Amino acid sequence: MIDHTDLEKTFLLKVRLDQLFSITFLVRQKIMNPGYDPKIQVEVDPTEDTEWNDILREHRIIPEKPKKTEELEEEAREEKKEQQHANRLENKTLNELDELEDDEEEEFLEKYKQKRIAEIRRLASKAHFGEVYGISKPEYKKEVTEASKHCFVVVHMSLHSSLQSRILANLLNLLAHKYPQIKFVDIPASRAVENYPETSCPTLLIYKGGDVIKQYVTLLRLAGNQTKISNIEDILVEVKAIKDTDRRLVKNNEPHDEHSNIGEHQLSNEVGEDEDDFFD
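Heads up, the sequence shown is in full-length UniProt numbering, so the first residue is 1 and it goes up one at a time.
Since the hints were derived computationally from the structure, they do not count as laboratory data.
Some hints could be false.
[Unchecked claim] Straight-line C-alpha distance at most 30 Å; calculated DSSO-like pairs for lysine-lysine:
| no. | residue 1 | residue 2 |
| --- | --- | --- |
| 1 | Lys178 | Lys208 |
| 2 | Lys214 | Lys228 |
| 3 | Lys141 | Lys243 |
| 4 | Lys178 | Lys243 |
| 5 | Lys243 | Lys214 |
| 6 | Lys251 | Lys142 |
| 7 | Lys214 | Lys178 |
Because the structure is a prediction, the values reported are computed rather than measured.
Based on the provided sequences and hints, a complete structural model is requested.
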């Protein structure tokens, strides 16, 4: 009488040997030719934690073993912890980071310092300007419209006799040194546009991509004679010329960094509110 149990065992052993041969062949091909794309279907339980499966995973013949819930939760905790560290260090200077060496994990702190140094170098590589450039009408297209295709350009259409224009000129001088990646230019309003109303001075224009993207006629929509650097910075953040997280922003530093009281005098003449867009 035939022992069916023995036959079944023999059959299963043969199937297993065939699978082993196929897998060995795949591994060999994969080692000899990393670009080899196996077409043979092999029945392997990818969830099994065996040495053989480790070899198959190493050569990408079977997928990586799915992570356990505990592992995923641990990774999430570590990621959250790193983010909390990053948030706490976000607005620190390099000197302030050095002072935190005793309180923070050394490896993480060093990694964050290197990230900060790389950011400083990146900003320095974009620093092409650093001052307010006086321009004439014939230069306007090249120095403003064309230049704005490569960077943000801030234009002050000025009037020397206007107190608000002098206030704005002082602020833009400070901002030009603070944000050398942005181009700041000054042009007398009467030279930019013939018969331009004095009551519309100063006029502040921001260009990007060859177009005016923001316009302020006088400082009335800001803080008038009390306009400060932070008011102009808010505009630059709004148009995305500066990131909201930039550590150079007044709001991201101590209150004593604010340049206030620049416009402390009253206007001797009434300033108009004409805000017609003369570039339309």
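Tested hints:
Taking the CA atoms of Lys178 and Lys208, the gap is about 19 Å. The hint holds against a cut of 30 Å. With a C-alpha separation of about 18 Å, the suggested pair Lys214 and Lys228 falls inside the 30 Å cut-off, and the hint holds. Simply put, Lys141 and Lys243 have alpha-carbon atoms about 27 Å apart, close enough for the 30 Å limit, and the pair holds. For the hint pairing Lys178 with Lys243, the CA-to-CA distance comes to about 14 Å; that is within 30 Å, so the pair holds.
Under the criterion of a C-alpha separation no larger than 30 Å, the hint pairing Lys243 with Lys214 is consistent with the structure, at around 17 Å. Pair hint Lys251 plus Lys142 does not hold up; C-alpha atoms about 34 Å apart against a cutoff of 30 Å. Between Lys214 and Lys178 the alpha-carbon distance is near 20 Å, which keeps this suggested pair within the 30 Å criterion.
Hint compliance for this structure: hint 6 is the single one not met.
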